[in-house]
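**Student:** Chains as they are written, first to last, in the working numbering: chain B, 1 to 483; chain X, 1 to 470; chain W, 1 to 250.
Hints in this document: simulated from the structure, not taken from any laboratory.
Heads up, a few of these hints could be off.
[Said to hold, decoys possible] Derived DSS-like pairs: lysine-lysine, alpha-carbon spacing no greater than 27 Å straight-line:
{"no.": "1", "chain 1": "X", "residue 1": "Lys379", "chain 2": "W", "residue 2": "Lys14"}
{"no.": "2", "chain 1": "X", "residue 1": "Lys343", "chain 2": "B", "residue 2": "Lys401"}
{"no.": "3", "chain 1": "B", "residue 1": "Lys456", "chain 2": "W", "residue 2": "Lys14"}
{"no.": "4", "chain 1": "X", "residue 1": "Lys379", "chain 2": "W", "residue 2": "Lys50"}
{"no.": "5", "chain 1": "B", "residue 1": "Lys401", "chain 2": "W", "residue 2": "Lys50"}
{"no.": "6", "chain 1": "B", "residue 1": "Lys76", "chain 2": "X", "residue 2": "Lys343"}
[Claimed, not checked] Listed next, the stretches of chain B that the computed footprint assigns to chain X, with coverage defined by at least 3 CB atoms under 8 Å from CB atoms of chain X:
{"no.": "7", "region": "389-398"}
{"no.": "8", "region": "405-413"}
{"no.": "9", "region": "421-430"}
[To be verified] Incomplete in silico selection of chain W near chain B, CB under 8 Å:
{"no.": "10", "residue": "Glu73"}
{"no.": "11", "residue": "Pro87"}
{"no.": "12", "residue": "Gln158"}
Yeah, the Cβ is synthetic: ideal placement off N, Cα and C, and Gly gets one too.
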Amino acid sequence: MKEEEQNNILNEVTQGDYKFGFVTDIDMDMAPKGLNEDIIRYISKKKNEPDFMLEYRLRAYRKWLTMQEPDWAHLKIPPIDYQDIIYYAAPKKKKELSSLDEVDPELLDTFNKLGISLEEQKLLSGVAVDAVFDSVSVKTTFSETLEKHGIIFCSFSEAVQNHPDLVKKYVGSVVPYGDNYFAALNSAVFSDGSFCYIPKGVRCPVELSTYFRINTAGTGQFERTLIIADEGSYVSYLEGCTAPQRDENQLHAAVVEIVALKDAEVKYSTVQNWYPGDKNGKGGIFNFVTKRGMCKGSHSKISWTQVETGSAVTWKYPGCILLGDNSIGEFYSVAVTNNHQQADTGSKMIHIGKNTKSTIISKGISAGFSNNSYRGLVKISKRAENSRNYSQCDSLLLGDKCGAHTFPYINTANSSSIVEHEATTSKISEDQLFYCQQRGIDTENAIGLIVNGYAKEVLKQLPMEFAVEAQKLLSISLEGSVG
Amino acid sequence: METKYNDIIFKEKVVSLFEQNRAQIGANDTTRMSKERDVAFKQFKKVGFPNKKMEAWRNTNLKDVFAYNYNIQFSPADEKPELIEAFQCNIHNFDTQTITLYNGWYLSEDKHLITLPNGTIIGSLAQAIKEYPELVQKHYNKYTNIEENGLIALNTAFSQDGIFIYVPDNVKTYKTIQMVNILDKEDNLFIQNRNLIIVGKNAKLTILHCDDSYNYSRSFTNTVTEVFIDEGAEVDHYKLQNLNDNSTLINTTYFHQELQSKLTTNSITLNGGLIRNKINVVLNGEGGEANVFGVYLVDKEQHIDSQVFVDHAKANCNSDELFKGIIDDNATAVFNGHILVRKDSQHTNASQTNRNVQLTDKATVYTKPFLEIYADDVKCNHGATIGQLDEEALFYIKSRGIGDYDARLLLLYAFAAEVINKISIATLRESIDDLVKKRLRGELAICDQCVLQCKDQENTYEFKIDISKI
Amino acid sequence: MLKIKNLHVSINGKQILRGLNLEVNRGEVHAIMGPNGTGKSTLANVIAGKPGYHIDKGEIIFKGKNILELPPEVRAQEGIFLGFQYPVEIPGVSMTNFMRTAVNEHRKYKGLDPMPAGEFLKLMKEKQQLVEIHAKLTNRSVNEGFSGGEKKKNEIFQMAMLEPELAILDETDSGLDIDALKIVANGVNKLKTKDNATIVITHYQRLLDYIVPDFVHILFDGKIVKSGGKELALILEEKGYEWIKDESPN
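Sequences and hints are given; from them, build the entire structure.
**Tutor:** Written as C-alpha cells, this is what we have:
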C-alpha cells in the first residue's frame, strides 16, 4: 500500500465511534420468533429447497437439541435464549430480480453507505461482491464475467436450486453438522450465504467478496458459505461484516467450508467489524463462527487471514485439515479488543497427510476492560510424516484493566515432524511511544502507528482494498484506549 | 462406560474404608484438622476421582489404575525392613540428612522427630502434630486447594503420616535433607502421603525428594506436599523419581512464597509407570523468584504428566520454567504450563518453555503452555517445541568419526543436560548426570537400593564417547 | 531561546541533576561534556519531556515559556528535537509513514494543511541527499535492522526533515566510525542557521573537531562545574576528567 494512503487513513480517523451503526428501514419478510421443526420447514419451504436439504436441516436440528453450549472458552457470555430469536428475515421481494434497477433502492443505499457499491460501473476494480442482508443474499455482482470462466459465484440459495449436486456432495463435508453446538444450529437454520465453485485449472481473475449485514432487530444471522476449488484452481475470497448499533445482543453463527482439491489454492480473508457494543459493554454481536478448510488433494493450500475488531464476543477458530500430502495451511490473525469486548480465537491445524506444513501467526491487542485469548490446536497424526508447524502468537496490552491469554494445544504422534510454538506478551513499549512523541506525534496517533506496525505481518497478507479498511479499523478500535 | 465403572467401584471402596476407619485415621488430629478432614472427605465423596472430561486431566487417564485392587495401611507395619542401612544413600562427598518413608510411614530406629543443633526439626508429620500442634496447624492445609481435584481432597481426608521439616528464621541448613519414599510391599499399595515443610524468614533449605520402588509390585501413591517459604528465605528442591513400571505416582506440591523469597525446584523423572507432577507456585510477596525446572525420560508404555501453575499474585516477581523431555517407544508425555499474572502484578517477568524430543511414531506428546495475563507492564513469553535431534548436528558429530548410536546418545544427553546443569550442588549434579547417561543407554534398571546408586559407586558408568573428540 | 534555571531532577528517588543552569541563544552551538553517569542524558531527556523523571526544583524556559508541563509531542512541535543515543526500533512502521505523520503533526500545530504527497516525497529526497542517507533506509521500518551508524544518520535525517529550532544530540558520536562521524557532523553543520541552536552532548572531544562549539560546558555530579570556549574541550582531552574532580569544590 502506498504511504500516503496509510496516512490518509490515519488522518481521516478522528472519531472513535462505530460508523456503521445506522438502521435501514425496509419491509421485511420474517418468521415468527423461536425455533422448532416447523420453523425449519418454514425456512426450507421459503427457499423452495429440495428434500435432501430439509432432511439435512432436520438432522442437524435434532442433533443440536442433544448438545450443550460450549463453556470451555475464556469468555463470559450471558445466557442466550434461543427461542427469543427470529431465524428468518428477508427484505420483501416484489418479484424475481433481473437487473440492479429492481433491487430496493433502500438496500442499494445501505450498501453504498457501507462503502459497498453494487452497481457494476462503480465497483471496486477487480472485486465481485455478494451482498447478504440479514438472512438473504441481495445481489451478486460480476456474475457474468465469472460465468465466462466457468466460475460459479452466487448465493447459497441459488446454488441449492441450480447446482444441487455440488451442494449435496460438499455441504457438511468439512464441518459436519454435529461438529459443535453452533455449527449444528447453523446447519439447521442457515438462511443464505455465498457459494463458489472454481473449475479445474482456473485462476479466478477477480477477488470474490461477500459482504454481510445484520439489520433487523431480534434476528440472528446464520449464513453458510461453501467454496470448492477444483484441481489446480485459485481463488481469493474476502468477507466483510457490519451491524447496526443496538442495546441488545444479536447472535451470529456462521459456517464456512472450503474444499481445495489437488494443487488448488484458496485464500480467505475476513475483516470482521460487527457492532462491538458500547463503551460500557452494552449490546453488540455474539459471533460464533465455525470456519474450516479441507486440503483434500495433494499440494493444495488454504490460507486464512482475519482482522477481528468487532463483536462483543468472538468465538472462532478457522482451521485446516491437511489431508492431502504436501498440502499447506496458513492462519494469519489480528484480533483487537477494546472496552468490554471478549475474543477467544485462534486456529486448528490438523496434519494428516505426509509433508504437510502449517503456519500460524497471531497478533492479539487488548485494551480497555477487554479479554483477548489465542486458542489453537496443532495436531500431527501418526501418518503425517515430515510435517512442520510453526506458530507465533504475540499479545500486546494497552492499559492495566485488560487481559491477554494464550492457550496453545499441541499434540504429536509422529517422530519425523517438528512443531514449534512461540509467544510473547508485553505492553506497548514506552520507548517507542516517547520516540514518536519526540517527533511531534501525539499518543493516540503514536499508538495507531505502532499497533499497525505490530500487525503488519498479518495485514500484508490482505488484498489491498481490505488492507486499507483493516488499518483504519485498527486505529479506530483503539481510540480512547489510552487515558 | 467401563472407565466409569472402575473408578466408581474404587471410589465406593475408598469411601467405605474411610468410614470404617475414621477414628483410627484421625487419631492424632487437632479439632481443626479433624474438621478439615471431614470437609475434604465430603468433597471427595462429591467429586470422586479426576477423569478425562476435566481440562487438567484430558490427557492423563487413570482408568487403568483403577482396574486393580489396592490396600491401604492405616498403621505402620510391625515388621521393619531388613536392609534398613541399604536405604542410606550416600553419594560420594554428599553429606545428607536422610529421612525415610517406608510404604507411606515414617521409618526410624528410635525417635520420630529430631531437632538438629541449629534448631531445625525434621521427622514424622504425625509425630509433629503431637509435639508441635500450634506450629503444624499454622500452615497445615493452608496452601492446598481441595477443590483442585478429588485426589487433593482424598489426600486431605486420608493422610496420616509424611515428612515434617521446620527451619527456624535465619537458619541456613547447609546439609541437604533427603526425603526418601520407598515402596516395598508384596501386595498392591495405595498410599496417601502428606508432607509439610516450613522455612522461616531468611532461612535456607535444600531438599532432595526421592521416590523409589524396591520391587515390581503395583502401587498408587498420592502425595501432597506443602512448602511455606517465608520472607527472604531460599529453597532448593530436587525431586528424583525412579519407580517401577507398575507404579502410579500423583505428586502435588504447593509452594507458597512470601516477600523476596527464592525457590528452585527441579523434577527429574527417570522411570515410572504413570507419573503426574503437579507443581503450584504462588508468588505472594514482591521480589519473589521461582525457578521451576524438569526433565523427563520415558519409554515403554510410560506416561509422564507435568503440570505447572505459577501464580504471580504480587508485583515485581520473576518466574522461569523449563521442562525438557525425551519420549521413546509407546510412551506419552504431557506438559501443561499455566502462568497467571494477576491484575496489578506489574513488572512481572515470566518465561515458560517446554521442549520435547519424540523418538518414535508410537510415542505421543501433548503440550499446552498457557499464559493468562491481566497486568500490562509485564514481560512474558512461552515456547514449546516437539521435534527430533538436529540432523545437522548429528551429521557434524558423525563426520568426526562417531557412530550413529553414540552420536544420537550424545545429542540426547546434551538436550537433557540443559536442565541437569541447573542443579547447583555439584556432587548431586554429577550423580544425576550419571543416572541420565545410564538411563539413555538403557542401563538403568530399578536399582535394588535407592535411586542414587550407592552400591555401584566404585563402578560408575562412563559415557562411551570422549566428548573431547568432537 | 533556552534558559534552564536551578534544575533539580531525580529518578526513583535518586538525585541526578542538582541545580543545573544553562542558557542557549539562537545561532549558538553548545557542547556538554562530562564523565559517564553525571546526568548528561538525563538533561537531554528532561528537556524533551521523557516520562519517569521527577522535577524537584527549577524551570526550563523555551522561547519564553516554561515547558515543564507540556507533553513531549508539544515540545517537539514547539521546535525541540532530541537525537537519541539509542534510537528505538519500531517494527512494521515505515520511515516514510513515520516521517509523514510527524511532519504533518508539526504542520497541524502551526495551523498548516497536511503536506501534499508529491511535495513530501520531494522533501524526503532532498533531505536524504543532504545528510547522505541511502534512500533504501527510509523505505525500511523505523530503525529496524539498522546498524549503529545508520541509526545515527537516521536521527540527523529526521532532524533535517523537522527543522527544529533547538536540536539536542545525545552522544550522537558513540559507536560511529570516523567516516560515519564525518557524515553526521557534516549534516549537523549544514542544518545550522543563525536562527536555530544545537546542544551536542558528548563524552569525547573527537566530535567537536567536526562540530565546532561556541561554548563548552562540563557537567559533573549534576551541575555545570565549568564553562568556556572550545579550548576547554582540548584541556579536558589532555587532562582527563580527573582534572575536573580535583577542580570541583565537592
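**Student:** Against each hint, give a clear statement of whether it holds in the structure.
**Tutor:** Results for each hint:
no.: 1; hint: Lys379(X) x Lys14(W); in the structure: holds (25 Å)
no.: 2; hint: Lys343(X) x Lys401(B); in the structure: holds (7 Å)
no.: 3; hint: Lys456(B) x Lys14(W); in the structure: violated (40 Å)
no.: 4; hint: Lys379(X) x Lys50(W); in the structure: holds (22 Å)
no.: 5; hint: Lys401(B) x Lys50(W); in the structure: holds (24 Å)
no.: 6; hint: Lys76(B) x Lys343(X); in the structure: holds (18 Å)
no.: 7; hint: 389-398; in the structure: holds (count 3)
no.: 8; hint: 405-413; in the structure: holds (count 9)
no.: 9; hint: 421-430; in the structure: holds (count 7)
no.: 10; hint: Glu73; in the structure: holds (4 Å)
no.: 11; hint: Pro87; in the structure: holds (7 Å)
no.: 12; hint: Gln158; in the structure: holds (7 Å)
Going through the hint list in order, the structure does not satisfy hint 3, though it satisfies all others.
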